[in-house]
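Two chains, two frames, a set of hints: combine them into the complex.
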Amino acid sequence: MIEVTDLDKKIIIELQKGIPLESRPFKVIADNLNIKEDFLIERINEFKKNGIIRRFGARLRHYKTEYKENIMIVWNVPEEQLCSTGNLIAKYLQISHCYERPVLPDFPYNLYCMLHGKNREECIKIIEEISELTNIKDYKMLVTVEEYKKISPEYFIK
Amino acid sequence: MDELDKKILNVIQENFPVSPYPYAEIATTLRISEEELLWRLKVLIETEVIREISPVFFSKHLGYKSTLVAMEVPQEKVLEVAEIINIYPQVTHNYRRKHKYNLWFTLIASSDEEILKIIEEIKFKTGIEKIFNLPYKKLFKINVNFSL
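Quick mapping for you: the protein sequence lines, in order, are chains A and B.
The numbering used here puts the first residue of the first sequence at 1, with every later residue one more than the last.
The numbering used here puts the first residue of the second sequence at 1, with every later residue one more than the last.
These are calculated hints, taken from the structure and not from any lab test.
Remember, predicted model here, so these are calculated numbers, not experimental data.
Please note that a few of the clues may not be correct.
Here are the computed lysine to any residue pairs in the SDA-like style, where the Cα-Cα straight-line distance is at most 20 Å [claimed, not checked]: (1) A:K149 / B:K125; (2) B:K98 / A:D138; (3) B:K117 / B:P135; (4) B:K65 / A:Y155; (5) A:K137 / A:R101; (6) A:K64 / A:K140; (7) A:K49 / B:N143; (8) B:K100 / A:K48; (9) A:K68 / A:M141; (10) B:K137 / B:S66; (11) A:K118 / A:Y92; (12) B:K77 / B:G63; (13) B:K60 / A:D8; (14) A:K17 / B:K77; (15) A:K68 / B:Y136; (16) A:K48 / B:G63; (17) B:K60 / A:V28; (18) A:K64 / B:M1; (19) A:K150 / A:M72; (20) A:K64 / B:L134; (21) A:K64 / A:K150; (22) A:K140 / B:G63; (23) B:K138 / B:D112; (24) B:K138 / A:K149; (25) A:K68 / B:D112; (26) B:K6 / B:T29; (27) A:K27 / A:F39; (28) A:K137 / A:N87; (29) A:K48 / A:Q16; (30) A:K149 / B:E52; (31) B:K7 / A:L93; (32) A:K64 / A:E147; (33) A:K64 / B:K6; (34) A:K91 / A:C123.
Chain B with its partners taken away, still in its complex shape (with noise of 0.2 Å):
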């Protein structure tokens, strides 16, 4: 990743211009060509730099439900339990963390019903007892953002 590929990330993270032609517009502020713009995307989604370009929507406009859930796991069942949990397409995260409360994941789904629902199934399947339900009571900031 050079000095050029960085200025397109920090821009492209920021503002994909929603017109007809959103790259050569990226491309003129960057004072480079469209083609060259396009061929240094290809290569940073390749290298798996860029997950992704596509809007993030704000789940709770579209009716979505979200939480964040912990769990306590015996260290030798941690793999296995997060298996399990990764099966669900309605889990964005899972994350393993140094703490008494070790696992962590987060859920995404059309009631608080379903997300009741998905948590009493992985109690079940895993056998783990201490799970809990986080949903937030107050957000007070979503931005995801790396300043290149």
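So here's chain A without its partners, still in its complex pose (with noise of 0.2 Å):
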């Protein structure tokens, strides 16, 4: 694992508030935790460089945007065909998400996929177009019906 001091637990606190909407918002950030801004920013590219950082940028609220319908589709992947399938949904840029998890009982689909469009048919379209390459027929849509909850993860926040 990728040592993460003191310091850049502090640095990842305030980074996870938010960039502030000024014109040198390193600098405001680099002021609250009495470190130099060029110190902040190598550090930051760092956590760029060595994957602590994912991706740097806005986040979105899709349903604010076009992108209306989030549908989870869950597919029956024979063992062999687990990595093709998995690196061919991931392709495609509607999907967010795919990954491999355990079976459930009377529910036998191995590989998860989070699914934006911007409406159904859409996402139908895209969902028929996997079975079809893949020859995977047996997958379930699990529609959205309601949102409860989505926020950002809090790291080392105690």
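Right, dumping it as structure tokens:
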């Protein structure tokens, strides 16, 4: 695992509060931490390089955009076909997450993905295309009925 | 939301410059003034299109564990159970889905033990026995990006 120092943790706590809408936002954050702006910028760029920061950007509320539909699709994929199927699904821009997970009672699905589309039809088209390409016919669409919670994780807050 | 807003969102979702004047850099790319960009971002945040501008950390690299939990909850109890689950700050997503397994939530915690403890607590507080921990075995993709 990558080493995370106490100062790193303090930096991460500040960053997860959000980047201020100021001309020099990193100066504002650095001042709060009593460190130099250029040191902070260098450290964040290291986080990007070592993978601690997976992505740096704005997070949208997709239902406020054209992307109203959000479906979880689960697939029953034979073991030997898991990697190729996972990689194929991962290539779709509309797919945000794709994982292999354990199966459930009466629920033999081992590959999970999240699909975001502008409408149900567009989503179904993509799902049928994936099914066609992979020849996996046993899948389920778990349509979102209601969102009860969606927050960003908060790390290192006691 | 107009065309310029969409362009701003496409740029700012992808790669926020980590440099002294990030907004000025983005504004130059879009051929607008820094002032206009900041003003439009403020509106996009106020209207809740942007949830936040901040880095996405890779929980695993910070020593955290994550999982997806599925539950089978009687229809009339779903809202009540969802509210109990939502209290936990470690719960980041919680969705009702159209299926026998109708409640799905994600957990991020500092250890596997903490995850199991929370699941046991939820089982106890809600009285729902059908609760299943589904930590991932293999990650194929995680990248949320909406092309506008």
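To see whether the hints hold, each was checked on the structure:
1. Only pairs whose Cα atoms come within 20 Å are accepted, and A:K149 paired with B:K125 is accepted, the gap being roughly 19 Å.
2. Note on B:K98 and A:D138: the hinted pairing holds, with a Cα-Cα distance of about 17 Å set against a maximum of 20 Å.
3. Taking the CA atoms of B:K117 and B:P135, the gap is near 15 Å; set against the 20 Å cutoff, the hint holds.
4. Straight-line distance between C-alpha atoms of B:K65 and A:Y155 comes to about 11 Å, which keeps the hinted pair within the 20 Å bound.
5. As the CA atoms of A:K137 and A:R101 are separated by approximately 18 Å, the hinted pair is consistent with the 20 Å bound.
6. This hinted pair does not check out: A:K64 and A:K140 have alpha carbons roughly 26 Å apart, beyond 20 Å.
7. At most 20 Å may separate the alpha-carbon atoms for a hinted pair to count; A:K49 and B:N143 meet this at roughly 17 Å.
8. Note on B:K100 and A:K48: the hinted pairing is violated, with a Cα-Cα distance of about 40 Å set against a maximum of 20 Å.
9. For a cut-off of 20 Å, the pair hint linking A:K68 to A:M141 stands: about 16 Å separates their Cα positions.
10. Proximity of B:K137 to B:S66 is assessed by CA-CA distance (about 11 Å); at most 20 Å being required, the pair is judged to hold.
11. Proposed proximity of A:K118 and A:Y92 is supported: the alpha carbons are some 14 Å apart, at most 20 Å.
12. For the proposed pair B:K77 and B:G63, the alpha carbon gap of about 35 Å is over 20 Å, so the pair is violated.
13. Between B:K60 and A:D8, the direct Cα distance comes to roughly 15 Å. Compliance with the 20 Å bound is thereby established for this hinted pair.
14. For the hint linking A:K17 to B:K77, the alpha-carbon distance of about 34 Å lies beyond 20 Å, and the restraint is violated.
15. Note on A:K68 and B:Y136: the hinted pairing is violated, with a Cα-Cα distance of about 26 Å set against a maximum of 20 Å.
16. Straight-line distance between C-alpha atoms of A:K48 and B:G63 comes to about 16 Å, which keeps the hinted pair within the 20 Å bound.
17. With a C-alpha separation of about 28 Å, the suggested pair B:K60 and A:V28 falls outside the 20 Å cut-off, and the hint is violated.
18. Only pairs whose Cα atoms come within 20 Å are accepted, and A:K64 paired with B:M1 is accepted, the gap being roughly 10 Å.
19. Among the hinted pairs, A:K150 with A:M72 is consistent with the structure: their alpha-carbon atoms are about 15 Å apart, no more than 20 Å.
20. The straight-line distance between the Cα atoms of A:K64 and B:L134 is roughly 30 Å, outside the 20 Å bound, and the hint therefore fails.
21. Simply put, A:K64 and A:K150 have alpha-carbon atoms about 14 Å apart, close enough for the 20 Å limit, and the pair holds.
22. At roughly 33 Å between alpha-carbon atoms, A:K140 and B:G63 are farther apart than 20 Å, so this suggested pair is violated.
23. Taken as a hint, the B:K138 and B:D112 pair is honoured in the structure, with Cα atoms around 17 Å apart against an allowance of 20 Å.
24. Only pairs whose Cα atoms come within 20 Å are accepted, and B:K138 paired with A:K149 is rejected, the gap being roughly 25 Å.
25. Restraint check: the Cα-Cα separation between A:K68 and B:D112 comes to about 34 Å, which exceeds 20 Å; the hinted pair is violated.
26. Only pairs whose Cα atoms come within 20 Å are accepted, and B:K6 paired with B:T29 is accepted, the gap being roughly 14 Å.
27. At roughly 10 Å between alpha-carbon atoms, A:K27 and A:F39 fall within 20 Å of each other, so this suggested pair holds.
28. For the proposed pair A:K137 and A:N87, the alpha carbon gap of about 17 Å is at most 20 Å, so the pair holds.
29. Pair hint A:K48 plus A:Q16 holds up; C-alpha atoms about 15 Å apart against a cutoff of 20 Å.
30. A distance of roughly 15 Å separates the Cα atoms of A:K149 and B:E52; the hinted pair therefore holds under the 20 Å criterion.
31. For the hint pairing B:K7 with A:L93, the CA-to-CA distance comes to about 17 Å; that is within 20 Å, so the pair holds.
32. A threshold of 20 Å between alpha carbons decides the hint, and for A:K64 with A:E147 the separation of about 13 Å falls inside it, so the pair holds.
33. With a C-alpha separation of about 12 Å, the suggested pairing of A:K64 with B:K6 holds against the 20 Å cut-off.
34. Between the alpha carbons of A:K91 and A:C123 the distance comes to roughly 15 Å, so the proposed pair stays at or under 20 Å and holds.
Comparing the model with each numbered hint stated earlier shows that hints 6, 8, 12, 14, 15, 17, 20, 22, 24, 25 do not hold.
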